[in-house]
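There are 2 protein chains.
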Amino acid sequence: MCSASHRCWEGAITTNSGFVVKRRAVLERGTTLFQQGERFTAVHVVASGCLKLRETNEDGGERIVAVRLPGELVGMEAWARGRYPYTAEAAAPTKVCQLQWPHAKGCAPSTALLERLLRKTAVQLEHSTRVWMSLPAIERVAAFLDHFAQHARPSVDLPITRAEIGSLLGLAEETVVRAIARLRAQQRLDMQGRRIARVVRERREPGAQGR
Amino acid sequence: MCSASHRCWEGAITTNSGFVVKRRAVLERGTTLFQQGERFTAVHVVASGCLKLRETNEDGGERIVAVRLPGELVGMEAWARGRYPYTAEAAAPTKVCQLQWPHAKGCAPSTALLERLLRKTAVQLEHSTRVWMSLPAIERVAAFLDHFAQHARPSVDLPITRAEIGSLLGLAEETVVRAIARLRAQQRLDMQGRRIARVVRERREPGAQGR
DNA sequence: CGCCCATTTGACACCTGTCAAGCCTAGTGG
DNA sequence: CCACTAGGCTTGACAGGTGTCAAATGGGCG
Chain A
8 MCSASHRCWE GAITTNSGFV VKRRAVLERG TTLFQQGERF TAVHVVASGC
58 LKLRETNEDG GERIVAVRLP GELVGMEAWA RGRYPYTAEA AAPTKVCQLQ
108 WPHAKGCAPS TALLERLLRK TAVQLEHSTR VWMSLPAIER VAAFLDHFAQ
158 HARPSVDLPI TRAEIGSLLG LAEETVVRAI ARLRAQQRLD MQGRRIARVV
208 RERREPGAQG R
Chain B
8 MCSASHRCWE GAITTNSGFV VKRRAVLERG TTLFQQGERF TAVHVVASGC
58 LKLRETNEDG GERIVAVRLP GELVGMEAWA RGRYPYTAEA AAPTKVCQLQ
108 WPHAKGCAPS TALLERLLRK TAVQLEHSTR VWMSLPAIER VAAFLDHFAQ
158 HARPSVDLPI TRAEIGSLLG LAEETVVRAI ARLRAQQRLD MQGRRIARVV
208 RERREPGAQG R
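Chains as they are written, first to last, in my numbering: chain A, 8 to 218; chain B, 8 to 218.
Among these hints, one or two may not hold up.
Claimed, not checked - Straight-line C-alpha distance at most 25 Å; calculated DMTMM-like pairs for lysine to aspartate or glutamate:
1) K127(B) <-> E62(A)
2) K127(B) <-> E122(A)
3) K127(B) <-> E133(A)
4) K102(B) <-> E69(A)
5) K29(B) <-> E45(A)
6) K29(A) <-> E45(A)
7) K127(B) <-> E45(A)
8) K127(B) <-> E79(A)
Since the hints were made in silico from the structure, they are not lab data.
Full structure from sequences and hints, please.
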């Protein structure tokens with residue numbers, strides 16, 4: 008029974024809900040939870056810290072697919088395909104919960120587990136449709152920083168570089184830097200180095216070029 | 008028992024697998040399966056045709072969130088939130104299967120159903136991470152047209168306007184038009200009006216501006 | 001025919017990627 | 001303690017991609 012279960016499952020989890028946390032792991036910064044291409048073994052939930060999901064393209068190029076913050080699922084995508092499509096690396100000291108997988112031998116699939124998983128996956132699916140595609144660079148950066156500031160537990164400094172933010176958002180490193188500078192100039196962002204104090208999302212600028 | 012179940016669930020579905028299709032509906036072009044903001048009632052699977060998922064922003068702006076082709080889930084995102092986050096409209100004559108929802112009265116949740124749903128949702132989640140973000144406009148258009156041509160069953164003309172493609176890809180309508188023109192000039196696309204005959208994805212151009 | 005809408009094309013501005021250079025901090029070794 | 005290095009961060013110059021505005025073309029339908 009996880010003492011922080013309310014954070015992950017937003018609701019009381021009864022001990023006989025079918026939920027089993029097989030293992031809780033602590034990852035040092037820089038260590039990987041699994042590598043891209045590895046066989047699927049389990050789904051994890053981030054308990055604290057931050058994971059960055061890195062994908063190596065067939066051309067050898069790398070890109071950050073996503074960052075996962077406390078409460079978010081990691082590795083669900085690998086279930087259908089059998090292999091993890093990305094590498095999960097701890098961007099900061101991170102705790103993860105490995106969920107008992109229904110098909111483990113001698114363990115009948117639990118309806119409650121499946122429902123919870125399905126619900127959580129649906130949430131992530133919805134979130135992934137809320138893409139900031141077609142927003143100008145400055146708004147994408149603001150949205151990302153805001154999201155990070157809202158969900159990082161415990162409140163930590165940004166554990167990734169500007170270049171990685173750019174990779175994540177589909178922007179060049181320099182564009183991220185300039186967007187941050189402009190947000191600060193507009194009083195929309197209070198941030199020094201990697202420490203975020205305050206972010207204001209989407210204050211509309213008249214005449215701004217949409218996309 | 009759906010005669011085309013192999014398409015939706017990629018594998019034989021036994022009659023007692025726990026899968027129940029509650030209702031099969033035929034939607035004329037322009038009719039909606041559900042409206043944004045409506046209470047969640049069920050998850051559907053597209054059997055044939057094409058749905059376009061439209062979202063009205065708080066600013067009143069509309070954007071196409073996605074198109075759903077045969078075999079894809081519709082409405083899963085609404086389960087967790089309770090309301091549909093987008094309007095699902097038939098872009099072409101469309102058949103959908105409404106899945107029996109586990110929590111319907113008197114119907115115990117079926118493990119098999121949940122597993123299938125979860126697997127399918129995971130596939131969609133993975134697909135949504137494969138965003139063509141940071142690709143130049145021409146490649147995004149090529150990828151979309153290729154995806155549509157591959158998955159449309161039966162093979163139909165593109166049921167959406169260039170402006171809608173642009174909205175979906177985060178591009179301006181004119182950019183989509185010009186991308187199509189350039190793809191045709193490069194012999195990568197055989198398409199007249201809305202009829203796609205052939206698409207070639209990602210032929211690399213040296214010196215192309217990445218993003 | 002006349003209207004409406006989708007599609008296309010052109011001109012232009014600006015956002016953003018690329019290249020280059022410099023600054024800053026942390027870490028290392030002398 | 002200080003020189004040195006490496007990597008992250010910042011800034012500038014420039015070009016190309018893309019959004020915006022405007023207008024023309026074409027097709028469907030009353």
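Hint check results:
1. Between the alpha carbons of K127(B) and E62(A) the distance comes to roughly 22 Å, so the proposed pair stays at or under 25 Å and holds.
2. Restraint check for K127(B) and E122(A): satisfied, since their Cα atoms lie roughly 14 Å apart, inside the 25 Å limit.
3. This hinted pair checks out: K127(B) and E133(A) have alpha carbons roughly 14 Å apart, not beyond 25 Å.
4. Taken as a hint, the K102(B) and E69(A) pair is broken in the structure, with Cα atoms around 40 Å apart against an allowance of 25 Å.
5. Distance restraint check for K29(B) and E45(A): the Cα-Cα separation of roughly 39 Å exceeds the 25 Å cut-off, and the hinted pair is therefore not satisfied.
6. Taking the CA atoms of K29(A) and E45(A), the gap is near 19 Å; set against the 25 Å cutoff, the hint holds.
7. Restraint check: the Cα-Cα separation between K127(B) and E45(A) comes to about 21 Å, which is no more than 25 Å; the hinted pair holds.
8. Straight-line distance between C-alpha atoms of K127(B) and E79(A) comes to about 19 Å, which keeps the hinted pair within the 25 Å bound.
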